[in-house]
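Engineer: Given chain A, work out where chains B, C and D should sit, using these hints.
Protein chains: 4
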Amino acid sequence: MKNDNNSSKSLETIDIRVYYEDTDAGRVVYYANYLKFAERGRTEYLRVHNIENSKLAEETGVFVVVRHLEVDYRAAARLDDLLTVETRVVDLGKASFTMQQDIKRGATLLVTLKVVLACMGQDGRAARMPQALRTILEG
Amino acid sequence: MKNDNNSSKSLETIDIRVYYEDTDAGRVVYYANYLKFAERGRTEYLRVHNIENSKLAEETGVFVVVRHLEVDYRAAARLDDLLTVETRVVDLGKASFTMQQDIKRGATLLVTLKVVLACMGQDGRAARMPQALRTILEG
Amino acid sequence: MKNDNNSSKSLETIDIRVYYEDTDAGRVVYYANYLKFAERGRTEYLRVHNIENSKLAEETGVFVVVRHLEVDYRAAARLDDLLTVETRVVDLGKASFTMQQDIKRGATLLVTLKVVLACMGQDGRAARMPQALRTILEG
Amino acid sequence: MKNDNNSSKSLETIDIRVYYEDTDAGRVVYYANYLKFAERGRTEYLRVHNIENSKLAEETGVFVVVRHLEVDYRAAARLDDLLTVETRVVDLGKASFTMQQDIKRGATLLVTLKVVLACMGQDGRAARMPQALRTILEG
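Residue numbers (my numbering), protein chains in the order written: chain A, 1 to 139; chain B, 1 to 139; chain C, 1 to 139; chain D, 1 to 139.
Okay, chain A solo, but in the shape it has when bound (with noise of 0.2 Å):
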């Protein structure tokens, strides 16, 4: 089921700082680092609707958990830069959906993540979404 809001409503932007950490001996932003970035755009969209990781697990035994992941690298980011990662719903089931994702500097778009995400109980089945996060990622 697609989600048809128009993307104005549902897209969330966090800045990201480019620190030491993030880098690597090629002189840019390390590849697996781009997805800690993607993972902290993920969690302010949840928590800017009240929603926190912590607190989803313990209220409703339910966890999200990343299943599938596609990425392009077009540009490098380097250290110092400010990014901004953009977080938006683009399809939405009964017991996952997916999020597009796009790191930015300024207007140049550097990578672009597609997050495919399911909600799993404790026993680690597939287990449906809880009302209040459903709510949310339908905008």
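Do not take every clue at face value.
[Unchecked claim] When the alpha-carbon atoms are kept at most 30 Å apart in a straight line, the in silico BS3-like pairs for lysine-lysine are as follows:
{"#": "1", "chain 1": "D", "residue 1": "LYS114", "chain 2": "C", "residue 2": "LYS114"}
{"#": "2", "chain 1": "B", "residue 1": "LYS94", "chain 2": "A", "residue 2": "LYS94"}
{"#": "3", "chain 1": "D", "residue 1": "LYS114", "chain 2": "D", "residue 2": "LYS55"}
{"#": "4", "chain 1": "C", "residue 1": "LYS114", "chain 2": "D", "residue 2": "LYS94"}
{"#": "5", "chain 1": "C", "residue 1": "LYS94", "chain 2": "D", "residue 2": "LYS114"}
{"#": "6", "chain 1": "C", "residue 1": "LYS94", "chain 2": "C", "residue 2": "LYS114"}
{"#": "7", "chain 1": "C", "residue 1": "LYS55", "chain 2": "C", "residue 2": "LYS94"}
{"#": "8", "chain 1": "D", "residue 1": "LYS114", "chain 2": "D", "residue 2": "LYS104"}
{"#": "9", "chain 1": "B", "residue 1": "LYS55", "chain 2": "B", "residue 2": "LYS114"}
{"#": "10", "chain 1": "B", "residue 1": "LYS114", "chain 2": "A", "residue 2": "LYS104"}
{"#": "11", "chain 1": "C", "residue 1": "LYS114", "chain 2": "D", "residue 2": "LYS104"}
{"#": "12", "chain 1": "C", "residue 1": "LYS104", "chain 2": "D", "residue 2": "LYS114"}
{"#": "13", "chain 1": "A", "residue 1": "LYS114", "chain 2": "B", "residue 2": "LYS55"}
{"#": "14", "chain 1": "B", "residue 1": "LYS94", "chain 2": "A", "residue 2": "LYS114"}
[Said to hold, decoys possible] Partner residues are not named here, just some residues of chain A that face chain D (Cβ under 7 Å, in silico):
{"#": "15", "residue": "TYR20"}
{"#": "16", "residue": "THR23"}
{"#": "17", "residue": "ASP24"}
{"#": "18", "residue": "ARG27"}
{"#": "19", "residue": "ALA75"}
{"#": "20", "residue": "LEU79"}
Simulated from the structure, these hints should not be mistaken for laboratory data. Ideal Cβ placement from N, Cα and C applies to all residues, glycine included.
Structural biologist: This is chains B, C and D only, laid out in the frame that chain A set:
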């Protein structure tokens, strides 16, 4: 162009122990850290054939960078697990190549990655693959 | 030589949110990651005075490196915590300086660091502190 | 109480390869990452004596946590370096112990750590050291 070598020839395997540094508060390996394991696997794939990351760039002026990534997360690794990373070349072009990487615990497949890597010159533009690298990737 | 400025003048504070990337399977922040938080604090201490890591080296040929570190771990930070890092100069020499850094959650002191930093030239040897840096550290 | 065993008895050594993930834009290993290397060394020190982090807590209810840390950075490790981490017990108390760790490249000493570790119960308070752990640390 497909690499038609049989896979037993081009497959390289490394062992990886999971330490606290790799895990997160969900008590499993943090999703970005499988990319570190995969990068160790690709590095050792080259090292076993006498190519080191730090020397390839110096000697040929060509860097190998990740352009595209697809990851499937099937099951989670945990603290103290002993994992294996299997790395093989599945496609080989003029300036890029694709590696398939399987991260396993024993016979259990945990995470699979398809990684598209490209050769880049010091000017940041696509570069022809150095012959020494091509020879190795052809198996 | 002691820095005799009163501490309210030279103290800089940043906020840090704890994400999954920072935690480990003990459900607390991994012990090495407080050093990342501290390095962000030192970087922002300089940035607020218009010195960026990436430009200092370019413009003066001098790098600032950590020579010695003492860390006291008093209490643990957890997922979703909002922390503050307080950074101040406590000692200033000809080619090195010492920073005291306190990592807190609200009024609770979690981790304290004493960090000795040294100026190093491109030859890897001790170098005189650039005047622009000295002026800032003197508060 | 000093551990009076001769050091050849209690010394454990592991090898560590430096990958891109460990380095930063200064083209050396990032300062916090030596703490990861040290933690791998401490973990293998116990594992070689059949104690695993993940089982110690389960079986005894006691966690081992870092309380205090002193690090001297003498020289930098670089991409593709092969390092050794030497770990030995230098002090052993009722609820805490101290390890000395030397990180070397060949005969060259790069980084030394003195790490004070404490036993902690599930209530977060100091706990008596489990006998199985004490026996190992006494060498």
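Engineer: Taking the hints in turn, state whether each one holds.
Structural biologist: Hints, one by one, checked against the model:
| no. | hint | verdict |
| --- | --- | --- |
| 1 | D:LYS114 - C:LYS114 | holds, 15 Å |
| 2 | B:LYS94 - A:LYS94 | violated, 43 Å |
| 3 | D:LYS114 - D:LYS55 | holds, 25 Å |
| 4 | C:LYS114 - D:LYS94 | holds, 27 Å |
| 5 | C:LYS94 - D:LYS114 | holds, 27 Å |
| 6 | C:LYS94 - C:LYS114 | holds, 18 Å |
| 7 | C:LYS55 - C:LYS94 | holds, 21 Å |
| 8 | D:LYS114 - D:LYS104 | holds, 15 Å |
| 9 | B:LYS55 - B:LYS114 | holds, 25 Å |
| 10 | B:LYS114 - A:LYS104 | holds, 24 Å |
| 11 | C:LYS114 - D:LYS104 | holds, 24 Å |
| 12 | C:LYS104 - D:LYS114 | holds, 24 Å |
| 13 | A:LYS114 - B:LYS55 | violated, 34 Å |
| 14 | B:LYS94 - A:LYS114 | holds, 27 Å |
| 15 | TYR20 | holds, 5 Å |
| 16 | THR23 | holds, 4 Å |
| 17 | ASP24 | holds, 5 Å |
| 18 | ARG27 | holds, 5 Å |
| 19 | ALA75 | violated, 16 Å |
| 20 | LEU79 | holds, 5 Å |
The structure is inconsistent with the numbered hints 2, 13, 19, although it conforms to all the rest.
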